[in-house]
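Novice: Letter by letter, the chains look like this.
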Amino acid sequence: DTGVSQNPRHKITKRGQNVTFRCDPISEHNRLYWYRQTLGQGPEFLTYFQNEAQLEKSRLLSDRFSAERPKGSFSTLEIQRTEQGDSAMYLCASSGDSNTEAFFGQGTRLTVV
Amino acid sequence: AQSVAQPEDQVNVAEGNPLTVKCTYSVSGNPYLFWYVQYPNRGLQFLLKYITGDNLVKGSYGFEAEFNKSQTSFHLKKPSALVSDSALYFCAVRDRDNFNKFYFGSGTKLNVKP
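Which chain is which? The protein sequence lines are Y and A, in order. Note that this note's numbering has the first sequence beginning at 300, numbered continuously upward. Note that this note's numbering has the second sequence beginning at -10, numbered continuously upward.
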C-alpha cells in the first residue's frame, strides 16, 4: 500500500492554457474523490467516482473542468482555459469498501500566472 | 444540507497543556465524523473517526475526540500538546448512507508554543 499518489506536485501555467492532473488511488479502492483547497479554506468537493462511473459533480465544477476515471483505476482532472481563480491545491482521495474514511494524496498545487 | 463549523480559526496552547479544537456539525440522519490534520504543502492525514458506540474515540498521535449527539459536536482533544502538533486541523462529516462526498470545516490552525 503506497498511498494515494498525485502528479505533478506543482504546476505553474499561463492563463488560458490547459492543464491535466493525475491521481493514482490506493490499490483496489473503488471510490475516488477530487477536492479543491484554497489558502485558508477547507477542502471543497469537486467530483466523485465509484469505479469508472462519475456519480456526482459539484456545481463549482464549471464546464472548463472535466474528470475521468477510465477502467476504474487512476483518474485525471483537466482544466481548460485556466484562469487565475483556478489557482489552488487540488486534492485526490480514495476509499474502499472496508473503509469509512478517505485517504488523501499530497495534492497538486496549481498556480496560474 | 450537511455542514461543518469550526468556530476557531486559531488555537494557541503551551506545550504540555491540554488542547481542544472545536467542531460542530449539521446533518440529516446519523453521520460519520472525522478529524484530519494537514501540515504545510501536504495533503490531509486521517487522525480518527466516530462511527458508532463509545462517544470517546481514540486516534493517532495521542489524539482523541468526543462525540456529543445532543450538542452535535465532535471536539478534538489531546491531554498534553507537543510542539510537533502544530498544524491545520479539519473536521469532516459524511452521511452514513451516502458515499458521494465528505463535508469539511474551514479548518483550525493549532499553534503549540514551547
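Don't read these hints as lab results, they were simulated from the structure. The structure presented is a predicted model; accordingly, all values stated were derived computationally and were not measured. Keep in mind that the hints are not guaranteed to be accurate.
Said to hold, decoys possible - Below, computed lysine to aspartate or glutamate pairings styled on EDC-like, alpha-carbon distance capped at 16 Å:
(1) Lys11/A x Glu55/A
(2) Lys98/A x Glu(-3)/A
(3) Lys47/A x Glu367/Y
(4) Lys356/Y x Glu343/Y
(5) Lys102/A x Asp84/A
(6) Lys38/A x Glu400/Y
Novice: Against each hint, give a clear statement of whether it holds in the structure.
Specialist: Hint check:
no.: 1; hint: Lys11/A x Glu55/A; in the structure: holds (10 Å)
no.: 2; hint: Lys98/A x Glu(-3)/A; in the structure: holds (8 Å)
no.: 3; hint: Lys47/A x Glu367/Y; in the structure: violated (36 Å)
no.: 4; hint: Lys356/Y x Glu343/Y; in the structure: holds (11 Å)
no.: 5; hint: Lys102/A x Asp84/A; in the structure: violated (36 Å)
no.: 6; hint: Lys38/A x Glu400/Y; in the structure: holds (8 Å)
In terms of the numbered hints stated before, the structure departs from hints 3 and 5, listed from lowest to highest.
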